[in-house]
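**Student:** In order, the protein sequence lines correspond to chains E and S.
Numbers given in our numbering equal positions in the first sequence, counted from 1, plus 18.
Numbers given in our numbering equal positions in the second sequence, counted from 1, plus 265.
Everything hinted at is true.
Under 7 Å between C-beta atoms, here's a sample of chain S residues computed to sit facing chain E:
1. G309
2. S316
3. A324
4. T348
The hints are simulated quantities; they were obtained by calculation from the structure and are not laboratory data.
This structure is a prediction, so every number in the text was calculated from the model and none was measured.
By construction, the Cβ of each residue, glycine as well, lies at the ideal position given by its N, Cα and C atoms.
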Amino acid sequence: MHWSDEVVESLRAHEVWRAAYVPDAINWNVLAKLEADPAFTVVPAAREEEAVGIAAGVYAGGGRAAVFLQSSGFGNTVNALTQLLTAHRIPAPLFIGMRGGLSEFNAVQVPSARPIPAILDALGIQHYAPQREDEVRKFVDGAIELCYASREPVAVLWQAQLVGAKRAAP
Amino acid sequence: MLRREGIAALLERLTDEPVIANLGPATFDLHAAGDRDANLYTWGAMGLASSIGLGVALAAPGSKVFVTDGDGSLLMNLGSLATVARQSPPNLVHIVWDNRMWYETGGQPTHTSTGTDLAGVALASGIRNVAKAATLAEFEVALDRAIREPGPWFIHVDVEETGEPRARPSVAPEENLLRFRRTFTG
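Bound conformation, chain S alone (with noise of 0.2 Å):
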């Protein structure tokens, strides 16, 4: 499956709940299925999104919120994964496309392609409900799940790499960050 159906397939089932973007192509494919003010994207602080949305979590218990991320970016905050697990925030969907590579940087082969299995880090970290997903059919089961039962999520999501035009979001970090702020504070 492509991120891109995933991502659309996400935002078919929002309202206007937070979702936020790693860097690269996840931030890309968010912004082609819909800006929104509801959506954090990134440009840099590779990693972090996970730790982002687990403050975005703490901050807004009422909302579900949703982080898109990478398995390249994921390699370099594992730490963020027994984070997640020791504060056990319900209202958490931890969502990865594996693309098996660092897509923006050349193509270069992650070590998911020879074999780290990101979704049993997340279950040895201690995240319980965690899902596996291959197919867009699987991806929405888990989704549906994820969006009905209480968490934290994650969502492991193996993607084919097709190389979309990237769509750039032209709003600026700081003013992106501030709508989406207001979407909590009014």
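So that you can see chain E by itself, here it is in the shape it has in the complex (with noise of 0.2 Å):
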């Protein structure tokens, strides 16, 4: 099983039916197979604070969704974190698809990713990284029911040393 089905098996287990997203390469592997999936509603922001404006209002509308965003557009969510989902205890997963890190061919990728487990920790939200294949269901599930048993937000990183790193076009 690739890691990205073991996303789409946990969401399903935790009837998290709704994800709203800014797509990136890395994510794609999970949103692609949300979107073929007609158990699930996929939709596409314009951008990543409205992407958890949209997961917020899912929970108010007494349903679960789940936000996907790229480390580059992590810094546009942080009033929406704040004064949304924490300052409402609103819980949302969260899938960052991390650039910066391990063979990262973009400079101006690094200096955003660098500080987000940083900006996490001072947001109090909690986040985990799964570096293997086989413990990804386990890092996800746990995320998943942390976040909704604390209603609060948790982050999963998915890193390089996960997902590889993406190369510069030829």
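Put the complex together from the two separate chains, hints included.
**Tutor:** Below you can see the structure in the form of structure tokens.
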């Protein structure tokens, strides 16, 4: 099973039927499968904080939604994470495709990705980064369960150690 | 017309339908018109009322969902109009009270004061049901259509800002969220 299939099955098992995203190559492994599966509703947003707002609305409306974004757009979400999710105790699993790590080719991805764990710590948002394919299901199940039990956002970071590095187009 | 009159006209027509209010005067006037479990007030996350409303509309397809927004906030999240158009939820009604100012920060003029046409932006974003109102009667006509006919709807309302006293909801954000959510989950 590819790591992305584990994520899809974990979302299904926990009835997280909706997702909002701004696309990136890493999360697209998951999102393409969600879009192809009629059980899931997947909403492309124009900007990352919008995706957080949509997920908050899904929870307010009685459902559950995950947010998918790339590290480069994480900074766009901070106001929504704090004033919407944390202030209202709205849970949402956040899946962040991390650029800027091993074998990164794009210099500007590095300074936006590097502080994300520290920013999440400062925001009080717990975060986890599975390193091996065989631990993805345990991490994602655990993050989703923690998220809804605590009614707080929880982040899962996809690092190059797990998903490989994006290569510059020739 | 006044935003407060428009919100009162909205609540007169509703029973338990959800209303999501933008921060500031849209929240104060919704609270003044009548506190109810199906009101979701916001105090921050400026610009996201339309995105929250889209999420509620997707989660609760059996409910007509109303967003009461402001021009300053919508200017922060114009992309949400394109996102709504792409999803095209038939149960979403997005009302924008345009007072042409950032009222809460001292009344500085917004971009609509120099001609930005938010209804035009909504139409160009692909939202087909767009209405404009400058009087209470015009707003009521548009609102009745939006309640009756499938959306998504975008209703732009020119309002005068008279600086009514702020009716701040006393419910804490977390409790507000939980009681709002319980109207769907029981």
